[in-house]
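For the record, the sequence lines run as chains A and B.
Under the working numbering, the first residue of the first sequence is numbered 814, with each subsequent residue one higher.
Under the working numbering, the first residue of the second sequence is numbered 293, with each subsequent residue one higher.
Calculated from the structure, these hints are not laboratory results.
Beta carbons are placed, not taken as given, at the ideal position from N, Cα and C, and that holds for glycine.
Please note: incorrect hints may appear among the correct ones.
Chain B is faced by these chain A residues, among others (derived, beta-carbon under 7 Å) [said to hold, decoys possible]:
{"#": "1", "residue": "R936"}
{"#": "2", "residue": "S937"}
{"#": "3", "residue": "Y941"}
{"#": "4", "residue": "R994"}
{"#": "5", "residue": "Y996"}
{"#": "6", "residue": "P998"}
{"#": "7", "residue": "T1118"}
{"#": "8", "residue": "A1119"}
{"#": "9", "residue": "K1342"}
Sample of chain A residues with no beta-carbon within 10 Å of chain B, all distances over it, derived [as the list claims (entries may be wrong)]:
{"#": "10", "residue": "T917"}
{"#": "11", "residue": "F926"}
{"#": "12", "residue": "Q1157"}
{"#": "13", "residue": "Y1331"}
{"#": "14", "residue": "E1349"}
DSS-like mimics (lysine-lysine), calculated; alpha carbons at most 30 Å apart, straight line [unchecked claim]:
{"#": "15", "chain 1": "B", "residue 1": "K354", "chain 2": "A", "residue 2": "K1001"}
{"#": "16", "chain 1": "B", "residue 1": "K355", "chain 2": "A", "residue 2": "K966"}
{"#": "17", "chain 1": "A", "residue 1": "K1009", "chain 2": "B", "residue 2": "K344"}
{"#": "18", "chain 1": "A", "residue 1": "K949", "chain 2": "A", "residue 2": "K1061"}
{"#": "19", "chain 1": "A", "residue 1": "K1001", "chain 2": "A", "residue 2": "K880"}
{"#": "20", "chain 1": "A", "residue 1": "K966", "chain 2": "A", "residue 2": "K1061"}
{"#": "21", "chain 1": "B", "residue 1": "K377", "chain 2": "A", "residue 2": "K1126"}
{"#": "22", "chain 1": "B", "residue 1": "K354", "chain 2": "A", "residue 2": "K966"}
{"#": "23", "chain 1": "A", "residue 1": "K953", "chain 2": "B", "residue 2": "K365"}
{"#": "24", "chain 1": "A", "residue 1": "K1101", "chain 2": "B", "residue 2": "K344"}
{"#": "25", "chain 1": "B", "residue 1": "K355", "chain 2": "A", "residue 2": "K956"}
{"#": "26", "chain 1": "B", "residue 1": "K454", "chain 2": "A", "residue 2": "K1126"}
{"#": "27", "chain 1": "B", "residue 1": "K355", "chain 2": "A", "residue 2": "K1108"}
{"#": "28", "chain 1": "A", "residue 1": "K949", "chain 2": "B", "residue 2": "K365"}
{"#": "29", "chain 1": "A", "residue 1": "K1045", "chain 2": "A", "residue 2": "K1061"}
{"#": "30", "chain 1": "A", "residue 1": "K1101", "chain 2": "B", "residue 2": "K365"}
{"#": "31", "chain 1": "A", "residue 1": "K997", "chain 2": "A", "residue 2": "K1126"}
{"#": "32", "chain 1": "A", "residue 1": "K953", "chain 2": "B", "residue 2": "K354"}
Chain by chain, the residues:
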Amino acid sequence: MKQVRGTSLLVKALREEGVDTVFGYPGGLVTDIFDELYLQDAIKVILPRHEQALVHEADGYARSTGKVGVCLVTGGPGATNMVTGIATAYYDSVPLVCLSGQVTSNLIGDDAFQEADIIGITRSICKYGVIVNERKNLGKILKEAFYIARTGKPGPVLVDLPKNIMVELGSDDYPETVNLRGYKPSTKVHIGQLKKAVDLLKASQKPIFLIGGGVNIAGASAELTKLVDLTKIPVVTTMMGKGSIDTKHAYYLGNVGMHGSYAANMAITECDLLFSIGTRFSDRVTSKISEFARKAKIVHIDIDTASISKNIKVDIPIVADAKEAIEAMLKYVKEHDTTEWLKQLETWKASHPLTMQNNQGLTAKKILDHINETFNDAIIVTDVGQHQMWTTQFLELNENMKLLTSGGMGTMGYGFPAAIGAKIGNQEKQIICISGDGGMQMNIQELATAVAEELPVIICLFNNSSLGMVRQVQTLFYEKHYSSVCTRRRKACDLRCSGSSDQCPVYSPDFVALAKSYGAEGIRVTSDKEIGTAFEEALKNTKSPTIIEFIMDKDELVLPMVQGGKPLYNMILEY
Amino acid sequence: MEKRWISLFVENDIGVLAKISGLFAGKAYNLESLTVGMTEDETVSRMTIRLKSDDETFEQIKKQLNRCVEVIKVIDFTNSPIHMKELLFVKIRKCSKGDMEELYRIAEVFGVSIIDYDPESVLMECVQTESKNNDLINLLSSDFKTIEVVRGGSVAIESISKTEW
Ligand SMILES: Cc1ncc(C[n+]2csc(CCOP(=O)(O)OP(=O)(O)O)c2C)c(N)n1
Ligand SMILES: [Mg+2]
Chain A
814 MKQVRGTSLL VKALREEGVD TVFGYPGGLV TDIFDELYLQ DAIKVILPRH
864 EQALVHEADG YARSTGKVGV CLVTGGPGAT NMVTGIATAY YDSVPLVCLS
914 GQVTSNLIGD DAFQEADIIG ITRSICKYGV IVNERKNLGK ILKEAFYIAR
964 TGKPGPVLVD LPKNIMVELG SDDYPETVNL RGYKPSTKVH IGQLKKAVDL
1014 LKASQKPIFL IGGGVNIAGA SAELTKLVDL TKIPVVTTMM GKGSIDTKHA
1064 YYLGNVGMHG SYAANMAITE CDLLFSIGTR FSDRVTSKIS EFARKAKIVH
1114 IDIDTASISK NIKVDIPIVA DAKEAIEAML KYVKEHDTTE WLKQLETWKA
1164 SHPLTMQNNQ GLTAKKILDH INETFNDAII VTDVGQHQMW TTQFLELNEN
1214 MKLLTSGGMG TMGYGFPAAI GAKIGNQEKQ IICISGDGGM QMNIQELATA
1264 VAEELPVIIC LFNNSSLGMV RQVQTLFYEK HYSSVCTRRR KACDLRCSGS
1314 SDQCPVYSPD FVALAKSYGA EGIRVTSDKE IGTAFEEALK NTKSPTIIEF
1364 IMDKDELVLP MVQGGKPLYN MILEY
Chain B
293 MEKRWISLFV ENDIGVLAKI SGLFAGKAYN LESLTVGMTE DETVSRMTIR
343 LKSDDETFEQ IKKQLNRCVE VIKVIDFTNS PIHMKELLFV KIRKCSKGDM
393 EELYRIAEVF GVSIIDYDPE SVLMECVQTE SKNNDLINLL SSDFKTIEVV
443 RGGSVAIESI SKTEW
């Protein structure tokens, strides 16, 4: 049998898994692997500027392509830098295979240079983590890693690669099949349960579909749309489920939850049947559990048994892949008379449309409206904060307009690198990153990566001179005690400054100059009249990213808002 | 909150014990005892876990365990006919003559073997149900000053003929 080094089998494995891009950052424990990659052309290696960003890039690539994202880092600090990225992917069910270098097997336990127990560190944020203990198991372990990452409820898998094993000779066999006795993901729908659920649906007067990220992951948008068209039952989505149905669809009411629309939150509160698919009922969705859908019977379809009846008790649980479940449902459902119910929903929609308190001057809504009007084939990637919430409120999505956002972890610093990953996976699409001034600086160094890879990502930087999301909470619930949220503050400022004045210090950094120093473009926009031209300018730059820095009001609030722990119908609607 | 028993079949690999105990710690589940050992198949380990929880949390715990790639099978032993025993060692020191006599009597009544001794110390070995072991410890600690206890946690297996628990 042909004898090859571990590194060679690894590269073969990547190719057999259809990997075209690896996000890699080198170091002493993975130099052999990088050498192997140097000798081939089939797999492209991207060099990010930080391992956290590296994982977000692989994550953005994976979410936007549906393929497994591959990370390769050295041990010790390289591996520990991945932690936030892995957690972010885990909580949003993103398939990743994270390869980390490890010290030579016989040094493990000696506190060798750059030895870190990365499997132990990531045990609770990985779908699976494994160290390659012997060269002969390398192929099998890699095969299983890809299989586990992509099947069932997808998630990150970490494979720790001791240096000696990667240079050891062994078989070049890469297995074709996997047989894991402890992991048999089933996607098949229990038809009996499904029929019961459909019967409940038929008997209900005020049904509603609640759609979560699972439907997006399963790629079941077309099926969902069919289901809604056929049954004429209204739909609400979670933040992660947004875009699973055209946001302009007549039966779509918007997002539910903390910053959901009035109509959507009221629909949940008043419905008599909540038919949920692919959601895990996070507290950001349910708010106070005992008041959530209190008048409704609940059907819950999810691929993860553990998501069912974890937070919300359900009447009919169905463990299944969203796409298979909806396809099966299409055979049993029929048109529903929802006229009265729809009328009620329309009045809620009309009485409290999603809007901004003050839509004067340069506002988030105007920028997002412009994006809605200008782009018809794009992926929008957000960071975390107020700008993210406004995006999930105002952005229109459909089969050609998609949204990527960090939901479960709410990781600041996610947006820009994820946008880079999305661009690498979708060269033909326009990629727009929407970030805050805080989060942008958590991975600003990736401008270098984007410049190096010639990625014309447009970064809409909503600069409100503050950590706006936290500031909003302080405005509403802490008597405007603006503790550590001003990003303009300098040493000389009044410690308890309560807002902006003309004397505020200039913002640091100068994002436009900073972008230029990286070899990217920067445009500053201070008036709503400049929005259009700024985008036109940005679109002309096809060789590097462009930051459009929008100078915005820090006092603007994201509304409606449900305070944590309060019932969903208890929305703050104005301030 | 009720007492529950789970028998868990897992891959006999490094890190699996950490994975399972980490799951209980990370999710704030109330783990009371956990024993683990290899089975007739050396690639499989079997854990016996005792925990306290309400019904909903218990359902969630079983699902979370099932979800682990390393877990092969989860069996709820709470209401099944099983045999369950725990190994307990108790060392009693600084005994008077009268104490020694008393200890031999206790051993006889409780069905405990005395496996080692010297003129003023006794070592008892007790393979009983956990609650019987508790009774013994309670009795000994009230009557004797210097006792040292080590217990192994329970192991359990399904009955062959018993249908009642
Ligand atoms: C890594 C990380 N640290 C802290 C937080 C808490 N947090 C959530 S939103 C936010 C403010 C974000 O500020 P900015 O990026 O400027 O966005 P804005 O809310 O102003 O739009 C903070 C600090 C977080 N989500 N992630
Ligand atoms: Mg900000």
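- Message: Does the closest beta carbon of chain B sit nearer than 7 Å to the beta carbon of S937(A)?
- Response: holds, 5 Å
- Message: Next pair to validate is K1045(A) with K1061(A); report whether the Cα-Cα distance is within 30 Å.
- Response: Measuring from Cα to Cα gives roughly 15 Å; hence the hint holds.
- Verify the interface restraint on R994(A): the C-beta must sit less than 7 Å from at least one C-beta of chain B. Nearest chain B Cβ about 5 Å off; hint holds.
- Item | K949(A) paired with K365(B) [C-alpha distance capped at 30 Å] | Measuring from Cα to Cα gives roughly 27 Å; hence the hint holds.
- Is K1101(A) within 30 Å of K344(B), Cα to Cα? holds, 26 Å
- Item | Hint consistency between K997(A) and K1126(A) [alpha-carbon to alpha-carbon, up to 30 Å] | Judged against 30 Å, a Cα distance of about 25 Å means the pair holds.
- Item | 30 Å Cα cutoff - pair K1101(A), K365(B) | violated, 35 Å
- Query: Should the interface hint for P998(A) be scored as holding, given a Cβ-Cβ cut-off of 7 Å against chain B?
  - Reply: violated, 10 Å
- Message: For K966(A) and K1061(A), compute the direct alpha-carbon distance and say whether it is at most 30 Å.
- Response: holds, 29 Å
- Assess, step by step, whether the Cα of K953(A) is no farther than 30 Å from the Cα of K354(B), and give holds or violated. At roughly 28 Å apart (the allowed maximum being 30 Å), K354(B) and K953(A) satisfy the hint.
- Message: Between the alpha carbons of K1001(A) and K880(A), is the straight-line distance 30 Å or under?
- Response: Given pair K1001(A), K880(A) holds - Cα atoms ~22 Å apart, limit 30 Å.
- Message: Given T1118(A) as an interface hint, is its Cβ closer than 7 Å to any Cβ of chain B?
- Response: holds, 5 Å
In summary, the numbered hints that this structure violates are 6, 9, 17, 18, 21, 26 and 30.
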